[in-house]
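With the hints as constraints, model all of the structure from the sequences given.
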Amino acid sequence: MSSLLTPELLANIGRSSLPQREYVTRRDIRKYAVATGNRQTKYLRGDVAPPMFHIPLFWDVVELDKLTPDGVSVDSLLPVFPLTRAMAGGLKITYYKPVYPEMWLTSVRTLDDIYEKAGRSGPLIFYRLVQEIRDDAGELVIVEETTRILR
Amino acid sequence: MSHELAVGEQLPSREFEPDNVQLMLYNAVLWNGHRIHFDLPYATEVEGYPGLVLAGPMLGDWLHQIVDEWLGDQGTIRSIEYSNRAATYVGDVLKVSGEIIAVDHEHSTAVIEVRLENQHGDNVAPGQVTVAFNVPTGQAS
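In order, the protein sequence lines correspond to chains A and B. The numbers in numbering that gives the first Met the number 0 rise by one with no breaks, and the one at position 43 of the first sequence is 42. The numbers in numbering that gives the first Met the number 0 rise by one with no breaks, and the one at position 12 of the second sequence is 11.
These aren't lab readings, by the way, just hints derived from the structure by calculation. Every residue, glycine too, gets a C-beta built ideally from N, C-alpha and C.
Partner residues are not named here, just some residues of chain A that face chain B (Cβ under 10 Å, in silico):
| hint | residue |
| --- | --- |
| 1 | Val-33 |
| 2 | Arg-38 |
| 3 | Trp-58 |
| 4 | Gly-70 |
| 5 | Ser-72 |
| 6 | Tyr-95 |
| 7 | Val-142 |
Not close to chain B: a few residues of chain A, all C-beta gaps over 12 Å, as computed:
| hint | residue |
| --- | --- |
| 8 | Gly-13 |
| 9 | Thr-83 |
| 10 | Thr-105 |
Here are the simulated EDC-like pairs of lysine to aspartate or glutamate, each with C-alpha atoms no more than 20 Å apart in a straight line:
| hint | chain 1 | residue 1 | chain 2 | residue 2 |
| --- | --- | --- | --- | --- |
| 11 | A | Lys-91 | B | Glu-80 |
| 12 | A | Lys-96 | B | Glu-80 |
| 13 | A | Lys-41 | B | Glu-68 |
| 14 | A | Lys-91 | B | Glu-98 |
| 15 | A | Lys-30 | B | Glu-16 |
| 16 | A | Lys-96 | B | Glu-68 |
| 17 | A | Lys-41 | B | Asp-72 |
| 18 | A | Lys-30 | B | Asp-18 |
| 19 | A | Lys-30 | B | Glu-68 |
| 20 | A | Lys-96 | B | Asp-72 |
If you want it as structure tokens, here you go:
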């Protein structure tokens, strides 16, 4: 029996965000390519989006009073965990289709799992978020799985 | 990309030395207002970091970049798995490298182990990238 994961906490597994639909522009691709030091002309011109362009495309845009004092927007999909110190996590990103300017993409994020493990210095809580990004035809474009660890 | 793919082949590596202008631009593109990335007194005196912290996803982008540059128009990245193991800072010299660890000639795919080392030799962002080629892997040029 887990000591930290209450039934109330585990009941959050399966929760999903509202769909977030965003428009891809050549200018936004160019800005991302420049900021990441990309050297490939097709990205610097904005002809096609480089991998990971979905990160800025779907980053939360919240009003100033919704930011914490250290400037972070709180992820409303997450419950309050009994452990708060974040450790390194991991990502898996699968690319199904390229992203071009003038595409509309829709993201849905789901809290896919919460589990606990015993660490060397105490219990650890893991949670996994799955982000599915689809085009307007409903076809998968990108799936990102993020696992974060709390201690 | 090389002629004939083989396990053990090294990809061209690249060093990144991001300054605070690049870090600001990256976080501006994301709309990321986390102070540890631009507010040096906050990062050092409140959070206790030795400097401005590089945004974790930027390191992930660089892991993609060396593979994507190497592929050119001969293939695409199918997937990546990586983790951010330690914080990195403005002023760090970060070397990204890759090595082919598996080749599937039948399906024209390969797996590349990627790493991002800081100037101390610590691999702070290990990962694996799976790529698919649009040319036979034995004849890629």
